[in-house]
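Peer 1: Single-letter residue listing:
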Amino acid sequence: MIKYDEAKACNAVKEAMEETVSHFGIAFVRTLSFFPSAHKVELKKAA
Amino acid sequence: MDVVRLSADDGSLARFEADWAEQCAEMDEDYESYGAATMAPIRAFAEAKADKEWAIAISDGERFMAAACAIRTRQKPFNGEVLRIREVTVCPLLDYGNLDENAYVDTLIAILNGALKLSESDLKAEHIKLHLRSPADAVFFRAFGNTLDSKGVFAATEAHGAWLTISKAPALQLAK
Numbered sequence: 001m002i003k004y005d006e007a008k009a010c011n012a013v014k015e016a017m018e019e020t021v022s023h024f025g026i027a028f029v030r031t032l033s034f035f036p037s038a039h040k041v042e043l044k045k046a047a
Numbered sequence: 001m002d003v004v005r006l007s008a009d010d011g012s013l014a015r016f017e018a019d020w021a022e023q024c025a026e027m028d029e030d031y032e033s034y035g036a037a038t039m040a041p042i043r044a045f046a047e048a049k050a051d052k053e054w055a056i057a058i059s060d061g062e063r064f065m066a067a068a069c070a071i072r073t074r075q076k077p078f079n080g081e082v083l084r085i086r087e088v089t090v091c092p093l094l095d096y097g098n099l100d101e102n103a104y105v106d107t108l109i110a111i112l113n114g115a116l117k118l119s120e121s122d123l124k125a126e127h128i129k130l131h132l133r134s135p136a137d138a139v140f141f142r143a144f145g146n147t148l149d150s151k152g153v154f155a156a157t158e159a160h161g162a163w164l165t166i167s168k169a170p171a172l173q174l175a176k
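Protein chains in written order, with our numbering: chain A, 1 to 47; chain B, 1 to 176.
So here's chain A without its partners, still in its complex pose:
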């Protein structure tokens, strides 16, 4: 079983997020639901 190490965990999250954002690009990140304006764009498209 993997022993949980908070410092390693936080660093792994940082690395994984940087790699994922690098792959998808910032433009895609801005479409995430965390961005309220992305939701407004979806509503406009639906209308």
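If you're looking for bench data, these hints aren't it; they were derived computationally from the structure. Among the clues, some could well be false.
[Stated by the list, open to error] Covered by chain A, according to a simulated footprint, are these stretches of chain B (three or more residues, beta-carbon under 8 Å):
no., segment
1, 2-8
2, 93-106
3, 112-126
4, 132-146
[Claimed, not checked] Keeping only pairs whose Cα atoms sit at most 30 Å apart, straight-line, the calculated DSS-like set for lysine-lysine is:
no., chain 1, residue 1, chain 2, residue 2
5, B, Lys117, A, Lys14
6, A, Lys8, B, Lys76
7, B, Lys124, A, Lys14
8, B, Lys151, A, Lys14
9, B, Lys52, A, Lys14
10, B, Lys124, B, Lys151
11, B, Lys117, B, Lys151
12, B, Lys76, B, Lys151
13, B, Lys117, A, Lys8
14, B, Lys52, A, Lys8
15, B, Lys151, A, Lys8
16, B, Lys117, B, Lys76
17, B, Lys52, B, Lys117
18, B, Lys76, B, Lys49
19, B, Lys52, B, Lys124
20, B, Lys124, A, Lys8
21, B, Lys117, B, Lys49
22, A, Lys14, B, Lys76
All values reported here derive from a predicted model rather than from experimental measurement. Just so it is clear, CB atoms sit at the ideal spot from N, CA and C, and this is done for glycine as well.
Assemble chain B onto chain A, guided by the hints.
Peer 2: What follows is chain B alone, placed relative to chain A:
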């Protein structure tokens, strides 16, 4: 960036709201309608100040970069406590593209690492679940989950349905 609790009692909710109202004003936006769907539960949590249901924010020391609800609960089929992060909302300056690109990445990292820190302190939990509200969320966090899983730091990382689940130890226990 650090994770902080928002509470109506200690003035942190008021400071948060003043900051985001000011950010909205810079963007000629109306704070009252900013992220209306997610801000309502965040405010409600900050006002209720329940032990296991927190309103949280990510602060860079000057500004509040994001806010969310953090709920500690027990949930089948998980063995141990689960910390659920819902209603994640970024600040108006990020939303309207007024900050450096690095701020996007740093804020996403701070949200997840803030949840990890809470799960080791005030809201102790073995599993962290991040609510994914849109198809774009699911695509992005499935890829993130796979990359994180490959690091071999967590017992398991999985994006399934509307949730990204990061499990520390012990591993998932199947429901009977």
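Peer 1: Hint by hint, note whether the structure agrees.
Peer 2: For each hint, the structure was consulted:
Under a criterion of three residues with beta carbons nearer than 8 Å to beta carbons of chain A, the stated coverage of the segment 2-8 of chain B fails, only 0 such residues being counted. Here's how the segment 93-106 of chain B fares: 7 of its residues keep a CB closer than 8 Å to some CB of chain A, so the rule of at least three is met and the hint holds. Under a criterion of three residues with beta carbons nearer than 8 Å to beta carbons of chain A, the stated coverage of the segment 112-126 of chain B is upheld, 5 such residues being counted. Against chain A, the segment 132-146 of chain B contributes 8 residues with a C-beta closer than 8 Å to a partner C-beta. That satisfies the three-residue criterion, and the hint holds.
For a cut-off of 30 Å, the pair hint linking B:Lys117 to A:Lys14 stands: about 14 Å separates their Cα positions. Of the pairs offered as hints, the one joining A:Lys8 and B:Lys76 holds, with about 28 Å between alpha carbons and a cut-off of 30 Å not exceeded. In summary, the hint linking B:Lys124 to A:Lys14 is supported, as the alpha carbons are separated by about 21 Å, within the 30 Å threshold. Distance check on the hinted pair: B:Lys151 and A:Lys14 sit about 11 Å apart at the alpha-carbon level, within 30 Å; holds.
At roughly 26 Å between alpha-carbon atoms, B:Lys52 and A:Lys14 fall within 30 Å of each other, so this suggested pair holds. A C-alpha spacing of about 23 Å is found between B:Lys124 and B:Lys151, which places the hinted pair at or below 30 Å, so the restraint holds. Pair hint B:Lys117 plus B:Lys151 holds up; C-alpha atoms about 19 Å apart against a cutoff of 30 Å. For the suggested pair B:Lys76 and B:Lys151, the alpha carbons sit about 26 Å apart, so the restraint of at most 30 Å is met.
With a C-alpha separation of about 12 Å, the suggested pair B:Lys117 and A:Lys8 falls inside the 30 Å cut-off, and the hint holds. Only pairs whose Cα atoms come within 30 Å are accepted, and B:Lys52 paired with A:Lys8 is accepted, the gap being roughly 26 Å. Of the supplied pair hints, the one linking B:Lys151 and A:Lys8 holds, its CA atoms being roughly 10 Å apart against a limit of 30 Å. Simply put, B:Lys117 and B:Lys76 have alpha-carbon atoms about 23 Å apart, close enough for the 30 Å limit, and the pair holds.
Pair hint B:Lys52 plus B:Lys117 holds up; C-alpha atoms about 15 Å apart against a cutoff of 30 Å. With a CA separation close to 25 Å, the supplied pair B:Lys76 and B:Lys49 stays within the 30 Å bound. Simply put, B:Lys52 and B:Lys124 have alpha-carbon atoms about 10 Å apart, close enough for the 30 Å limit, and the pair holds. At most 30 Å may separate the alpha-carbon atoms for a hinted pair to count; B:Lys124 and A:Lys8 meet this at roughly 18 Å.
Pair hint B:Lys117 plus B:Lys49 holds up; C-alpha atoms about 19 Å apart against a cutoff of 30 Å. Taken as a hint, the A:Lys14 and B:Lys76 pair is honoured in the structure, with Cα atoms around 29 Å apart against an allowance of 30 Å.
In summary, the one numbered hint that this structure violates is 1.
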